[in-house]
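Dock chain one against chain two, each of which comes alone in its own frame, and use the hints as you go.
Letter by letter, the chains look like this.
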Amino acid sequence: MRKPTWIVKTEKLPIKDPNDVVIARQRVRVWALDLKLSLVDQTKIVTAASELARNTLEHGGGGEMEISEVTDGIRRGVRLAFSDHGPGIPDIKLALSDGYTSKQGMGLGLGGSKRLMNDFTIETEVGKGTLITATRWK
Amino acid sequence: MERIPILRMGNLLLVTIQVDMHDKLALTLQDDLTAKIADLGAKGVLIDISSLEIVDSFIGRTLANIASMARVLDAQTVVVGMQPAVAITLVELGMSLPGIRTALNVESGMEYLQQTTSPDLSEEADVDRED
Ligand SMILES: Nc1ncnc2c1ncn2[C@@H]1O[C@H](COP(=O)(O)OP(=O)(O)OP(=O)(O)O)[C@@H](O)[C@H]1O
Ligand SMILES: [Mg+2]
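Here the protein sequences come in this chain order: A and B. Numbering-wise, the working numbering puts 121 at position 121 of the first sequence, and it's gapless, one number per residue. Numbering-wise, the working numbering puts 1025 at position 25 of the second sequence, and it's gapless, one number per residue.
There may be inaccurate statements among the hints.
Computed list of lysine-lysine pairs in DSSO-like fashion (alpha-carbon distance at most 30 Å, straight line) [stated by the list, open to error]:
1. A/Lys9 <-> A/Lys103
2. A/Lys16 <-> B/Lys1024
3. B/Lys1024 <-> A/Lys103
4. A/Lys36 <-> A/Lys103
5. A/Lys103 <-> B/Lys1036
6. B/Lys1024 <-> A/Lys114
7. B/Lys1024 <-> A/Lys12
8. B/Lys1036 <-> A/Lys128
Derived by calculation from the structure, the hints in this document are not laboratory data.
One chain only, chain B, in its complex shape (with noise of 0.2 Å):
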């Protein structure tokens, strides 16, 4: 079966969208993500869609639901990337993907994740000190 792939980097999870998902994949990446985030205790999962060239109420749906399971488990998520002209439609469409938190690019996404997915777990997380 056709999967969408999860990388672990530390405790958060990255996912990268590039294929224009059908309807089933992007419910087996539902599942798959809640899974992952639940069996590696993950804090933070960044989802990228700058290769989407749509998002409809279907996606952005399951970006919501992502976003809804990702809390209860304890972890936050960010999407980023999204293209101008994809927002611009969405909000047209009438979808605000509420309670989603979105970032312009992969690293201030990362940033974001970093910053509040509790610091004082630090064993686990590299990142640099340098003072």
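The shape of chain A in the complex, shown without the other chains (with noise of 0.2 Å):
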């Protein structure tokens, strides 16, 4: 089972171009610096940052991101919620899977983030929109 999480605080930024991907990473660091994470995570929770935002605008067609500090009350954690609108993923294993693109890509992306995070939950509604929810704790 999965311990309750509460949000300490949070920020929303929007993902609607190029450039909202690269300030968002830029946020992710600082949230990441200040709850003192190693280089290392830190490193990884914003390369997911990128990977996430930039398919939040390229598969979703822009949305927005949400970072919050999260605590289960006993770690404290980064949680990253990335939302759109945009035409859901039908097959989400095939979607995690390396190597699978549905454009040009590499296809790492989404199944990279996962590795790089802790906790990492997609919901997605075909024609609806995608809701991914990705932690990494202290």
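Printed below as a string of structure tokens:
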């Protein structure tokens, strides 16, 4: 069973154009530094943010990112939530597999960011949109 | 338009990526480098990424594209200075940077390029000969 998670604080950012992806990376870095994550963990979460933000933009047609500091009562962590009202993901398992891309990417972003984060959930409905939530615990 | 400068040193091209690149800038660099290699007949390309705090799949793909484009134009590419945290993250992301030669720093990258970019064209290259 998953422990309940409390949100300590939150920030929302639009993911509407390529420059927003750059800003998203920079803001996630600030939050990771605030929480004093190790340099490797900072690098992992910022890289995952970059992948997921780009997916929100390119596949989801734009959306937003919510960064939160969360706690389960024992640990603290940074949680990223990417939402869009795009086409949704018809086959999550396929989308997560390395090398699968519906465009001309490398197909590493989704599966790779799952590996880079600790908790990772995909909620999606075809024709409605996608919400990807990923947490890195300290 | 914003561009990443490309320096020329003999038959080598040097690029230092110092900004958090947005995707368009990375693509511009790819185009600029390809054009410069062709125009100048450059034999080697050195890309210093020591200031890059992350390399994601997009930047990784851009580096791989540059290397394969350069190879078609008969030039070698070496990527230098990747931070250890970036290298660890890249592996976990699943990117192996296929076909990209890497070196620890600019000095060893230059050494590699000077060795591999045909010493028979020595009128162009200024290598010290002390023997
Ligand atoms: N937000 C999203 N909305 C709709 N489809 C998505 C979304 N995110 C990912 N996908 C689907 O999942 C596939 C795999 O995503 P992934 O990030 O792994 O690869 P990619 O974006 O195609 O290439 P890369 O990230 O390596 O450049 C995408 O090609 C796309 O079909
Ligand atoms: Mg992607």
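Verification of the supplied hints:
{"no.": "1", "hint": "A/Lys9 <-> A/Lys103", "verdict": "35 Å, violated"}
{"no.": "2", "hint": "A/Lys16 <-> B/Lys1024", "verdict": "15 Å, holds"}
{"no.": "3", "hint": "B/Lys1024 <-> A/Lys103", "verdict": "17 Å, holds"}
{"no.": "4", "hint": "A/Lys36 <-> A/Lys103", "verdict": "37 Å, violated"}
{"no.": "5", "hint": "A/Lys103 <-> B/Lys1036", "verdict": "29 Å, holds"}
{"no.": "6", "hint": "B/Lys1024 <-> A/Lys114", "verdict": "26 Å, holds"}
{"no.": "7", "hint": "B/Lys1024 <-> A/Lys12", "verdict": "24 Å, holds"}
{"no.": "8", "hint": "B/Lys1036 <-> A/Lys128", "verdict": "45 Å, violated"}
This entry does not satisfy hints 1, 4 and 8, going by the numbered hints stated previously.
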